[in-house]
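In order, the protein sequence lines correspond to chains A and B.
Start counting the first sequence at 1; every next residue gets the next number (the numbering used here).
Start counting the second sequence at 1; every next residue gets the next number (the numbering used here).
Just so you know, the hints here were simulated from the structure itself, not pulled from any lab data.
Incorrect hints may appear among the rest.
As the list claims (entries may be wrong) - With a Cα cut of at most 25 angstroms, we get these calculated DMTMM-like pairs of lysine to aspartate or glutamate:
#1 A/K101 x B/D153
#2 A/K94 x B/E78
#3 B/K215 x A/E90
Stated by the list, open to error - To be clear about the criterion: a stretch of chain B counts as covered by chain A if any three or more of its residues have a C-beta under 8 angstroms from a C-beta of chain A, and this derived list gives those stretches:
#4 80-93
#5 169-180
All residues carry an ideal CB built from backbone N, CA and C; glycine is no exception.
This is what each chain is made of:
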Amino acid sequence: MAHRYDMRTLGAQIGIRGRYYLTRDKGDEAYHLIKEQLKVTSEGEALVLVFPSEQLVDSSFADESVVRLGEQIAKGMYGERSLLLEGLTEDSMKNFRAVLKLRGIKLPLLTVWSTGEWQVIGSLEENLYETLRIVHQHEQMKASDLGSILGLAVNTASTRLKRLHNFHLVRREHEVSEKGLQYIYYFWQWRQDM
Amino acid sequence: MVLMKNINEQIYLYLGRMDFFEITKAWLKPLFALDEEWRRNPHSINLLELTVVSGYEEMSAVIERAREIFTPYLSQDELAGLLRVISELCQNIYQHSGDTNGCVMIQKYQPNHNEAFICLSVGDSGCGIRANLIRRYSWLGSDPIHFVRAAMDGSFTSRSHGRGGLGLRTVRNITAAHKGYVTVRSETAAVTDWGKAVQNFSNLAYMTGTQVSVKLSARSSP
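Bound-form chain A, shown alone (with noise of 0.2 angstroms):
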């Protein structure tokens, strides 16, 4: 399950022309819009925010918005939600990954499509990207799991999950069974279908 948030109604709300999402003010009114619709999505559910195509999204913007809220939801301030940017232009990513390395934050965004295609944008080492590519295969991963399939030791595939759900970019559930307290991580679903 997944609350989607069409950017053309924002956009519509803020006075954004077009698909033009630009500027460090727009961005600063966008911030305080998707932080209204965070709020009221459920916790285990992702913010997926649907870019209308062909959009461009300057580095203001981006920086002033998602980058603002998503180092707070890396901070653990929104609890077990995470923001999936859905249908993101090559040249709007090409800004967000701009911001980030000048900011020097260590914050991977997921960026998604209606194809059901994924990137990460932002720093991610290749471990945890590989960690996240077989979560999303497996769709449900247990540190046990991950650690036959990579032939890890379970503290190990435990650390890289962890780290990953740090990063918002899975989200988690628990068990206790006679084996003790063991998460289960899951890759977020940004469409209906999925």
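Model the placement of chain B on the given structure of chain A, informed by the hints.
Relative to chain A, chain B alone:
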């Protein structure tokens, strides 16, 4: 009223073509105006005339127009860089200068078959960089050169909640990546940054506001 006289004919025609006299007609008058003017192509592939940017609407219109003009002549990377530069510089005009009549102009030059350049200029006659930053960074002193350098550094911002300050640094990075340069002038100081080298100018003749000039290299026309 400012009067201009003895303007070189070619410069006069160029200024007319760039809408300079139209933009400044409220306070500037050329003496002995020429009847001749250069033919104007509304679908020019080479230039964006002097355009006032007083807010988001005008800025996004400039970006859209720049996209239309330069898409056939720039690679995707070059175009993306140009649009980012336009966005960052135009925002500075109306968000920081206090001037609602700041302007932008863009021109493509092709000196020969193998090379082409995009030259972009923005300018305002607002408060200038020092007035913008001095409230938060009075320790920088009184010389405008320190404030111009600080503005280009990326870690100084006039915004109260501390986010911001990346605009000119973004422009610096883009011009360096595209083998160009950026010059920022405010009051009596200017800084030109080529990426690997920086040149500072102090004690220049006073000019109010802030003016920025950018040059980017582009792929040559097919």
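Item checked: Contradicted hints - numbers only -> The structure conflicts with no hint, since it agrees with every one listed earlier.
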